[in-house]
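Visitor: Chains as they are written, first to last, in the numbering used here: chain A, 1 to 195; chain B, 1 to 195; chain C, 1 to 195; chain D, 1 to 195.
Since the hints were made in silico from the structure, they are not lab data. Please note that the accuracy of each hint is not assured.
Residues from chain A that keep clear of chain B, each with C-beta distances beyond 12 Å, as calculated [unchecked claim]:
#, residue
1, 16
2, 23
3, 26
4, 57
5, 83
6, 121
7, 122
8, 161
9, 170
10, 172
11, 179
Label-pair distances were calculated between CB atoms; the ranges are [as the list claims (entries may be wrong)]:
#, chain 1, residue 1, chain 2, residue 2, range
12, A, 147, B, 95, 24 to 32 Å
13, C, 95, B, 177, 48 to 56 Å
14, D, 38, C, 177, 39 to 47 Å
15, A, 176, B, 159, 41 to 49 Å
16, B, 129, C, 147, 52 to 60 Å
17, B, 91, D, 84, 33 to 41 Å
18, B, 87, D, 176, 38 to 46 Å
19, D, 38, C, 158, 34 to 42 Å
20, D, 40, A, 66, 42 to 50 Å
21, C, 119, D, 59, 35 to 43 Å
22, C, 43, D, 46, 33 to 41 Å
23, D, 84, B, 177, 50 to 58 Å
Don't be surprised by glycine CBs; every beta carbon is placed ideally from N, CA and C.
There are 4 protein chains.
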Amino acid sequence: MTEAAERSPEAGRDRDRIVNLSDGVFAIAITLLVLDIRVPDIPEGMVASELPAALLSLWPKYLGYVLSFAVISTFWIVHHSIFRPIREYDRGLLYLNFLFLMFVAFVPFPTSLLGEYGDHQLPVAIYACALAIGRLLLTAIHWYSTRDDRLVGEPQDPGEVRFYLIRGLAMPVIFLLSIGVSFFSVGAVIWSWVV
Amino acid sequence: MTEAAERSPEAGRDRDRIVNLSDGVFAIAITLLVLDIRVPDIPEGMVASELPAALLSLWPKYLGYVLSFAVISTFWIVHHSIFRPIREYDRGLLYLNFLFLMFVAFVPFPTSLLGEYGDHQLPVAIYACALAIGRLLLTAIHWYSTRDDRLVGEPQDPGEVRFYLIRGLAMPVIFLLSIGVSFFSVGAVIWSWVV
Amino acid sequence: MTEAAERSPEAGRDRDRIVNLSDGVFAIAITLLVLDIRVPDIPEGMVASELPAALLSLWPKYLGYVLSFAVISTFWIVHHSIFRPIREYDRGLLYLNFLFLMFVAFVPFPTSLLGEYGDHQLPVAIYACALAIGRLLLTAIHWYSTRDDRLVGEPQDPGEVRFYLIRGLAMPVIFLLSIGVSFFSVGAVIWSWVV
Amino acid sequence: MTEAAERSPEAGRDRDRIVNLSDGVFAIAITLLVLDIRVPDIPEGMVASELPAALLSLWPKYLGYVLSFAVISTFWIVHHSIFRPIREYDRGLLYLNFLFLMFVAFVPFPTSLLGEYGDHQLPVAIYACALAIGRLLLTAIHWYSTRDDRLVGEPQDPGEVRFYLIRGLAMPVIFLLSIGVSFFSVGAVIWSWVV
Numbered sequence: 001m002t003e004a005a006e007r008s009p010e011a012g013r014d015r016d017r018i019v020n021l022s023d024g025v026f027a028i029a030i031t032l033l034v035l036d037i038r039v040p041d042i043p044e045g046m047v048a049s050e051l052p053a054a055l056l057s058l059w060p061k062y063l064g065y066v067l068s069f070a071v072i073s074t075f076w077i078v079h080h081s082i083f084r085p086i087r088e089y090d091r092g093l094l095y096l097n098f099l100f101l102m103f104v105a106f107v108p109f110p111t112s113l114l115g116e117y118g119d120h121q122l123p124v125a126i127y128a129c130a131l132a133i134g135r136l137l138l139t140a141i142h143w144y145s146t147r148d149d150r151l152v153g154e155p156q157d158p159g160e161v162r163f164y165l166i167r168g169l170a171m172p173v174i175f176l177l178s179i180g181v182s183f184f185s186v187g188a189v190i191w192s193w194v195v
Numbered sequence: 001m002t003e004a005a006e007r008s009p010e011a012g013r014d015r016d017r018i019v020n021l022s023d024g025v026f027a028i029a030i031t032l033l034v035l036d037i038r039v040p041d042i043p044e045g046m047v048a049s050e051l052p053a054a055l056l057s058l059w060p061k062y063l064g065y066v067l068s069f070a071v072i073s074t075f076w077i078v079h080h081s082i083f084r085p086i087r088e089y090d091r092g093l094l095y096l097n098f099l100f101l102m103f104v105a106f107v108p109f110p111t112s113l114l115g116e117y118g119d120h121q122l123p124v125a126i127y128a129c130a131l132a133i134g135r136l137l138l139t140a141i142h143w144y145s146t147r148d149d150r151l152v153g154e155p156q157d158p159g160e161v162r163f164y165l166i167r168g169l170a171m172p173v174i175f176l177l178s179i180g181v182s183f184f185s186v187g188a189v190i191w192s193w194v195v
Numbered sequence: 001m002t003e004a005a006e007r008s009p010e011a012g013r014d015r016d017r018i019v020n021l022s023d024g025v026f027a028i029a030i031t032l033l034v035l036d037i038r039v040p041d042i043p044e045g046m047v048a049s050e051l052p053a054a055l056l057s058l059w060p061k062y063l064g065y066v067l068s069f070a071v072i073s074t075f076w077i078v079h080h081s082i083f084r085p086i087r088e089y090d091r092g093l094l095y096l097n098f099l100f101l102m103f104v105a106f107v108p109f110p111t112s113l114l115g116e117y118g119d120h121q122l123p124v125a126i127y128a129c130a131l132a133i134g135r136l137l138l139t140a141i142h143w144y145s146t147r148d149d150r151l152v153g154e155p156q157d158p159g160e161v162r163f164y165l166i167r168g169l170a171m172p173v174i175f176l177l178s179i180g181v182s183f184f185s186v187g188a189v190i191w192s193w194v195v
Numbered sequence: 001m002t003e004a005a006e007r008s009p010e011a012g013r014d015r016d017r018i019v020n021l022s023d024g025v026f027a028i029a030i031t032l033l034v035l036d037i038r039v040p041d042i043p044e045g046m047v048a049s050e051l052p053a054a055l056l057s058l059w060p061k062y063l064g065y066v067l068s069f070a071v072i073s074t075f076w077i078v079h080h081s082i083f084r085p086i087r088e089y090d091r092g093l094l095y096l097n098f099l100f101l102m103f104v105a106f107v108p109f110p111t112s113l114l115g116e117y118g119d120h121q122l123p124v125a126i127y128a129c130a131l132a133i134g135r136l137l138l139t140a141i142h143w144y145s146t147r148d149d150r151l152v153g154e155p156q157d158p159g160e161v162r163f164y165l166i167r168g169l170a171m172p173v174i175f176l177l178s179i180g181v182s183f184f185s186v187g188a189v190i191w192s193w194v195v
């Protein structure tokens with residue numbers, strides 16, 4: 001800890017740069033989602049009669065947009081509270097964080113798949129897997145940074161850390177369980193996520 | 001306030017991260033608008049004769065670009081002045097802000113719809129609704145953060161807050177009223193927004 | 001200045017938020033340029049024989065990428081040195097800056113037009129106009145913020161300010177003159193920009 | 001150094017703005033990579049039977065995504081450790097940094113090319129060249145900023161600097177050597193990069 005205290009403003013600014021890059025990836029991934037909702041192509045004479053139905057038929061896209069926006073927002077909130085106590089960083093934290101960002105930046109693809117073929121089981125399973133892995137990586141970052149209070153500024157309450165780690169495992173388990181449920185009803189799974 | 005004062009630099013930096021993420025979403029949403037203006041596809045031999053007309057016929061796209069750029073800029077200016085006095089934050093503020101960002105990031109879609117089918121009434125109504133909801137969410141953030149001076153650094157003048165809340169309701173009302181007008185003249189509505 | 005001194009850290013942070021948003025728009029506009037270079041579509045059996053020629057024929061796209069990257073970088077450097085002494089801001093500065101960003105974010109469209117129809121005169125003229133207006137807006141921001149030393153932290157040397165204003169008018173003039181030249185030779189104009 | 005010390009907070013903030021812009025470009029380039037993985041287009045009745053194979057056949061795209069994500073992450077980590085000691089900046093550093101960013105922002109194109117025609121030699125050579133040049137520019141930034149300790153806050157250990165410069169030349173050499181290898185086996189080259 002003394003070494004940390006010595007180069008504290010330096011390390012703090014470096015840590016900020018990691019957070020800034022992560023926020024950039026979050027912001028872009030969340031905003032790219034809208035590119036998947038394409039304006040329907042309707043011949044000039046039939047716009048008035050066909051546009052309402054065409055827009056309504058895009059509902060899986062809207063649902064995917066709202067769902068993934070909510071998921072990435074939740075990831076951001078968790079990432080935010082995990083990084084709050086972190087003061088130091090090392091190569092391991094950098095690699096784990098990049099691995100996590102790789103899944104955040106990937107979310108638009110399974111979302112697009114879900115919006116296109118959401119009534120089939122495979123896209124639902126892929127989507128659930130991608131989010132479960134992303135959430136597990138967040139839990140890994142949390143576990144890595146709080147283990148022996150290595151990278152955090154002040155000792156953390158072990159009971160509280162354990163509580164968060166267990167909660168961090170709950171969401172992936174729910175997502176993976178939902179793959180099993182999706183063998184019976186795909187619609188039920190997606191609506192349960194939204195709720 | 002004492003609790004706030006105790007963890008003040010901490011809370012200030014966390015608040016900055018919320019603002020940074022929001023600015024990222026603003027910057028990307030505002031820049032993605034240009035992707036909707038596509039270069040016209042003209043056979044090689046006819047470029048010189050047909051390009052001027054083809055570029056002119058894109059005017060609804062240019063209009064949509066300028067309009068949405070102005071709207072998102074205005075949202076940013078209001079967001080900016082609402083967050084200036086905020087020192088603390090809680091889950092409620094985070095959720096409201098993400099809900100608002102969901103509408104900011106969504107703006108490219110109704111803009112694209114307006115650029116494609118702007119002479120019809122439905123796209124105008126959807127565009128007006130999206131902006132009215134976005135503006136209402138900004139007002140909700142303002143109301144939420146200044147209620148009982150909970151999240152702001154220093155007590156706000158109640159008269160001033162009420163003035164801003166009322167002004168914050170005016171724009172959505174105008175947008176929603178314009179939907180009614182659009183039953184008579186779609187062009188009039190869009191030009192009134194630009195002005 | 002006394003009012004400025006009183007709320008100085010506050011105003012400094014607000015100014016930083018304007019700079020951050022601008023940097024976001026710069027970073028995105030500069031990175032979107034690459035989306036215009038599309039991978040050529042070649043039937044499976046003929047890739048080995050046709051890919052080299054197909055990639056070479058994309059050279060106007062590469063040229064447009066390098067040219068616009070250089071232009072936006074130059075805009076960033078000028079924006080950077082204009083905002084360095086600025087300490088205060090007002091509505092006028094916000095509006096001028098957003099108007100400028102509207103042209104920065106627009107650059108991918110004329111670039112794309114140039115990459116597609118660069119051997120014609122109209123795209124060259126549009127490109128030159130867009131950049132000239134962008135550069136003029138930067139000069140307007142400079143003039144607006146240094147007039148009577150209103151928004152800058154300390155009095156500026158009037159001779160130096162005048163020198164920069166004149167230099168800021170030179171580039172638009174060159175770009176606009178190049179439109180005249182383009183009546184004679186389109187290629188010469190583009191190569192002169194690169195140089 | 002005295003001049004540096006005099007305008008130190010100023011220069012520090014300016015340096016931060018360069019770093020912020022760079023991080024923005026990194027974040028966007030890394031997130032745009034996903035746009036290259038397109039949802040396959042399958043007729044409604046055959047989704048259940050054909051989707052698994054269609055998704056599997058996208059594996060060169062997934063590989064390209066992971067590879068380029070890893071490369072840009074590595075570039076970021078190196079950029080990060082090169083800029084850490086930098087306190088001052090000049091035009092030369094700005095230009096070198098923009099030249100480097102031009103290659104970072106360009107990475108999505110060779111990645112896309114690799115994902116489409118990865119079993120041919122030319123895309124592999126182009127990809128290797130782009131990365132080798134990017135890495136060389138990073139080394140140039142390092143050499144430029146540490147030469148005579150000009151732009152760094154405190155004198156650097158010459159032995160350490162030399163060690164990093166040599167290491168900075170190793171990766172480009174490996175990439176360029178791999179072009180030679182690719183004459184024999186394209187697959188071997190790509191898998192060696194991943195490892």
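Visitor: Given a hint of 34 to 42 Å, does the C-beta separation of residue 38 of chain D and residue 158 of chain C actually sit inside it?
Guide: Between residue 38 of chain D and residue 158 of chain C, where Cβ atoms are some 57 Å apart, the hint is violated.
Visitor: When you take the CB atoms of residue 91 of chain B and residue 84 of chain D, is the distance between them in 33 to 41 Å?
Guide: At roughly 35 Å between Cβ atoms, residue 84 of chain D and residue 91 of chain B fall inside 33 to 41 Å, so the hint holds.
Visitor: Could you see if the CB distance from residue 119 of chain C to residue 59 of chain D stays within 35 to 43 Å?
Guide: holds, 40 Å
Visitor: Per the hint of 48 to 56 Å, is the separation of the Cβ atoms of residue 95 of chain C and residue 177 of chain B within bounds?
Guide: With a Cβ separation near 26 Å, residue 95 of chain C and residue 177 of chain B fall outside 48 to 56 Å, so the hint is violated.
Visitor: Please check whether residue 147 of chain A and residue 95 of chain B have a Cβ separation lying inside 24 to 32 Å.
Guide: holds, 31 Å
Visitor: In this structure, is the beta-carbon distance linking residue 40 of chain D and residue 66 of chain A contained in 42 to 50 Å?
Guide: violated, 24 Å
Visitor: Does residue 122 of chain A clear chain B by more than 12 Å, comparing its Cβ with all Cβ atoms of that chain?
Guide: At about 27 Å from chain B, residue 122 of chain A clears the 12 Å cut-off, so the statement holds.
Visitor: Just tell me: holds or violated, for the beta carbon distance of residue 176 of chain A and residue 159 of chain B against 41 to 49 Å?
Guide: violated, 55 Å
Visitor: Since residue 16 of chain A was said not to touch the interface, does its Cβ keep a gap of more than 12 Å from each Cβ of chain B?
Guide: Non-interface label fails for residue 16 of chain A: nearest chain B Cβ at 8 Å, not farther than 12 Å.
Visitor: Is 38 to 46 Å respected by the C-beta to C-beta distance linking residue 87 of chain B and residue 176 of chain D?
Guide: violated, 54 Å
Visitor: Would you say the C-beta atoms of residue 129 of chain B and residue 147 of chain C sit inside 52 to 60 Å of each other?
Guide: Given range 52 to 60 Å: violated, Cβ gap about 42 Å.
Visitor: Per the stated criterion, does the least C-beta distance between residue 121 of chain A and chain B lie above 12 Å, as a non-interface residue requires?
Guide: Its Cβ never comes within 12 Å of chain B, the nearest being 28 Å, so this holds.
Of the numbered hints listed earlier, those contradicted by the structure are 1, 2, 3, 5, 13, 15, 16, 18, 19, 20, 22.
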